[in-house]
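A.B. asks: Quick mapping for you: the protein sequence lines, in order, are chains P and E.
Here our numbering is used: position 123 in the first sequence is 127, and no number is missing along the way.
Here our numbering is used: position 38 in the second sequence is 42, and no number is missing along the way.
Hints were generated in silico from the structure; no laboratory data involved.
Where hints are given, some of them may not hold.
With a straight-line Cα cutoff of 27 Å, these simulated BS3-like cross-link-like pairs (lysine-lysine) come out [as the list claims (entries may be wrong)]: (1) P:K62 with E:K194; (2) E:K194 with P:K67; (3) P:K221 with P:K255; (4) E:K194 with P:K61; (5) P:K67 with E:K221.
Beyond 12 Å from chain P on every Cβ pair, some chain E residues (computed) [unchecked claim]: (6) E164; (7) E218; (8) R219; (9) K226; (10) E273; (11) T275; (12) K284; (13) D297.
With the C-beta cut set under 10 Å, the calculated list includes, among others, these residues of chain E facing chain P [unchecked claim]: (14) A162; (15) Q170; (16) I187; (17) S188; (18) G192.
Quantities reported herein were computed from a predicted structural model and do not represent experimental measurements.
Glycine residues also receive a C-beta, built at the ideal position from the N, C-alpha and C atoms.
Protein chains: 2
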Amino acid sequence: MVGAILHINGFSTVHFSPISNHSRTNLAPPKPPMLVRTTQPHPYWASLNSDIEAYLKKAIPMKEPLIVFEPMHHLTFAAPRTTIPALCLMACELVGGDRHQAMAAASALLLLNAATYTHEHLPLIDNRGLKPKLKPMIHHAYDPNIELLTGDGIIPFAFELLARSQDPAHNSSSHILRAIIEISRVMGSKGVIDGQYKKKLASQTIGGELCHVERIKRVVEKNEAALHACGAACGAILGGGSEEEIERLRKYGFHVGMIQGLVQNGLREETKWISNLALKELEIFLGRSRNVDAISAFIHA
Amino acid sequence: MVGAILHINGFSTVHFSPISNHSRTNLAPPKPPMLVRTTQPHPYWASLNSDIEAYLKKAIPMKEPLIVFEPMHHLTFAAPRTTIPALCLMACELVGGDRHQAMAAASALLLLNAATYTHEHLPLIDNRGLKPKLKPMIHHAYDPNIELLTGDGIIPFAFELLARSQDPAHNSSSHILRAIIEISRVMGSKGVIDGQYKKKLASQTIGGELCHVERIKRVVEKNEAALHACGAACGAILGGGSEEEIERLRKYGFHVGMIQGLVQNGLREETKWISNLALKELEIFLGRSRNVDAISAFIHA
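For reference, chain P alone in the conformation it holds in the complex:
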């Protein structure tokens, strides 16, 4: 039953719907599902995150020079977690791959998220010599110069991990290059950086309500949505998915990211129709994997 388990902040929320999601997308309005909320994180989701963390702890050991690796280790695990790395592994398994084929990509996505978060909170002086006012206050464990440098070290390290994950037995070098292109594009001028500019502009201008909502949507499209789309597409690419599977999962990831970003910005009302669009992208996987329910759980209710 697609869409049976929805996901709220990492905890599973079981919905018993009287109709299957497949047919639900053709009917409007759907009957409201019965909701039973549990307090346990989804076990599949928890197992993926635990594997990613173990992989990264091995990849960033606490070794010499400690002045480099200690902040790298700390800042990687101190950044707020996202569902992007786990979505990447899920997509890989959904197309029939083994999660280890996408482990480096999932870890790279976690690292890049940590670098972005670290740099986003650096206290910079503006061109008029004024201290920053708009940035949210967070605890800085290190001198900002160290945090800037560490972020700069984490970004290439993410690409190194990915490039090193080539497995001659699977002849996956072209898959890895494709994943590098996907990730570098979404982190660069066409994705997160453009989104950050838009976020900065949005925070500096005041407009009407509709205009405000549209502006938030543009920011979310370039940030959370683009990153989730990239994560899901990379997982599908590295798992050996077909072009159709890759594009379906990319769209699924995009919708999941849109929902998350809009909810975080207080626009839950805008997300209702997106859940159905997202679940529709998973229909081709129905009956082909026991994980369809789990991956559909990424949608925030």
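We have chain P; now place chain E onto it with these hints.
C.D. replies: Showing chain E alone in chain P's frame:
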């Protein structure tokens, strides 16, 4: 005649030595060469730099969103130039490759140098809320937040360029992955970032003269030397060089970078013996390429 043309700040300096460099490395001290200084940049070096610039201008067009691409374009070309990208192309041609096989790697190295330079000069507030004092003053064309973001966009873009340069006709994906590993390592925790930490520490401590020289050497090893070694090795890898050729050119690049870094730090006296070590690495290429003289020109007199 290896070592016939030496290179000072991009301009050729022709040395007429009474002995070939090959035999000179076995004799000490060498007779001082006669020196005729010209005012023209070395034509081979100039042609490589011109090709890299043309490639990058095409890769970073002035297109929408201009708020992203305009600073990216400006900061890429505003950073002080290094000889690393041209050395990369030279190494590629020296092992028998075509310069276009290494063009993306050379451009990636230029981009990463620009990102490092941009971030190195950001005005950050330290943990005590104090404005920076030690950083050299440079003109900031943009708000520091924009410069931070642009640097963060340039780094993944460098890897994107490289990953996209796969040419199925040459089946070069494994070469490209190897170059990505080389570049990401040297830019990350084991290279430039470690070097930047060491530079920061060196600028904050005061010691004896010998200690000071040794400290500068450690910094140069991780910065200029490691980057030139990486550039030369990547060129050789992408040009299809043998393992011996790759390692010889890596060592040559390392020595070239050491010389440049030490000269920039006022330690020209420390570089004399390094030139001979560098030229020795080029001996296996003698008679195999008309460019041996040109590549030996990278050594600063």
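A.B. asks: Which hint numbers doesn't this structure obey?
C.D. replies: Violated hints (numbers, rising): 6 and 9; every other hint is consistent with the structure.
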